[in-house]
Amino acid sequence: MAHQAHAYHMVDPSPWPLTGAVAALLMTSGLAMWFHYNTTTLMILGTILLLLTMYQWWRDIVREGTYQGHHTPPVQKGLRYGMILFITSEVFFFLGFFWAFFHSSLAPTPEIGGCWPPTGITPLDPFGVPLLNTAVLLASGVTVTWAHHSIMEGERKQAIQSLALTILLGGYFTFLQAMEYYEAPFTIADSVYGSTFFVATGFHGLHVIIGTTFLAVCLLRQINYHFTVEHHFGFEAAAWYWHFVDVVWLFLYISIYWWGS
Amino acid sequence: MVLFYTDLWCVPMVWAVDLVEAEPVTAARSHKKAYIYHDITQYFVPVVLSRGFSRSTRSLKNRVPDAQKVFQEDNGLPVHIKGGTVDVVMYRATMTLTLGGTCYSIYWLLKASLPQNKP
Numbered sequence: 001m002a003h004q005a006h007a008y009h010m011v012d013p014s015p016w017p018l019t020g021a022v023a024a025l026l027m028t029s030g031l032a033m034w035f036h037y038n039t040t041t042l043m044i045l046g047t048i049l050l051l052l053t054m055y056q057w058w059r060d061i062v063r064e065g066t067y068q069g070h071h072t073p074p075v076q077k078g079l080r081y082g083m084i085l086f087i088t089s090e091v092f093f094f095l096g097f098f099w100a101f102f103h104s105s106l107a108p109t110p111e112i113g114g115c116w117p118p119t120g121i122t123p124l125d126p127f128g129v130p131l132l133n134t135a136v137l138l139a140s141g142v143t144v145t146w147a148h149h150s151i152m153e154g155e156r157k158q159a160i161q162s163l164a165l166t167i168l169l170g171g172y173f174t175f176l177q178a179m180e181y182y183e184a185p186f187t188i189a190d191s192v193y194g195s196t197f198f199v200a201t202g203f204h205g206l207h208v209i210i211g212t213t214f215l216a217v218c219l220l221r222q223i224n225y226h227f228t229v230e231h232h233f234g235f236e237a238a239a240w241y242w243h244f245v246d247v248v249w250l251f252l253y254i255s256i257y258w259w260g261s
Numbered sequence: 262m263v264l265f266y267t268d269l270w271c272v273p274m275v276w277a278v279d280l281v282e283a284e285p286v287t288a289a290r291s292h293k294k295a296y297i298y299h300d301i302t303q304y305f306v307p308v309v310l311s312r313g314f315s316r317s318t319r320s321l322k323n324r325v326p327d328a329q330k331v332f333q334e335d336n337g338l339p340v341h342i343k344g345g346t347v348d349v350v351m352y353r354a355t356m357t358l359t360l361g362g363t364c365y366s367i368y369w370l371l372k373a374s375l376p377q378n379k380p
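Those protein sequences? They're chains D and V, same order as listed.
Going by my numbering, the first sequence opens with residue 1, and the numbers climb by one from there.
Going by my numbering, the second sequence opens with residue 262, and the numbers climb by one from there.
Extracted from the complex, chain D is given alone in its bound form:
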């Protein structure tokens, strides 16, 4: 009983773009209120609204695709373009922080001793925990590819196990990085070294957490039979994002941890 004569998806009217925009308003004005009036109510309200919006919006997309069948090949193509463009925008986001790092480290000013690392900064040993973190993320890239092939071959048990292993590795990276942050001999306030280090690695860590969450949602969906052998774009999008996170780490490791020490 088709009601449309085309393969595209005319979405039902949805309140989530509005609630998301209001969440952004509350979070930003709440930030200002926190800074100037020492009250976090507005910001917390905005964060709760953001979480509610994200949950319901993405829940609806799962319903539209898996339960209502709206994700036809042309629609899926659009989703693929969308995810690729989003990841590209994130690449540019990180490019900015790498620019800042190289701006300060290629021509160190007299104020920091004319050298990099600056005088008085003890950088982390690149062959310690950072190298372990590199191995962990590379391994997680292998396990997520294993998960993809398992899904494509209809191997349900293997798909669940390899996806769970990927998530565990992501969690292990986050744990190790948190320990490094705690034990580091320098802080974000320690000259431009601290700023570039913690802002670049900090945003990367946030993206690892986002990617791990995305994969966890995919694990739940895989357990609940949402993915089929031929149609599992949600998982592919998560895997693309995870590979992007991995590549950013490799650049961080080579430039900030290794060259920058």
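To be clear, the hints were calculated from the coordinates, so they are not data collected in a lab.
Among the hints, erroneous ones may be present.
[Unchecked claim] Ranges of calculated distance between the beta carbons of each label pair, as one might list FRET restraints:
#, chain 1, residue 1, chain 2, residue 2, range
1, D, 85, V, 338, 27 to 35 angstroms
2, D, 168, V, 345, 28 to 36 angstroms
3, V, 339, D, 202, 35 to 43 angstroms
Where is the CB? At the ideal position from N, CA and C, for every residue including glycine.
Using the hints, position chain V against chain D.
Same frame as chain D, now just chain V:
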């Protein structure tokens, strides 16, 4: 919608349970009990395969066809409240926060934009 929430509690069971299927779901087999979304999509869905009646395997049953029935019902409801009561409650809570938060935010912004009364 109830299906969606109860499914989440199955996760701890995964490692302890010998999973349901005895053989992989291939494209050919999944056509057997396919529930068609609607005419133009030509997609097939995972087949329900169950072989035991233990509590854990029953909780890992494929409930996608049931969810498809719920969300393809021709009742004119938009997708964000088509799941049932919990959908409506969550929507109302979210919209209350949205409207209340907007007013609260504008109040504080107006207050901040007024001249400060310094003693």
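Original post:
Can you list which hints this structure breaks, lowest number first?
Top reply: Structure breaks no hint.
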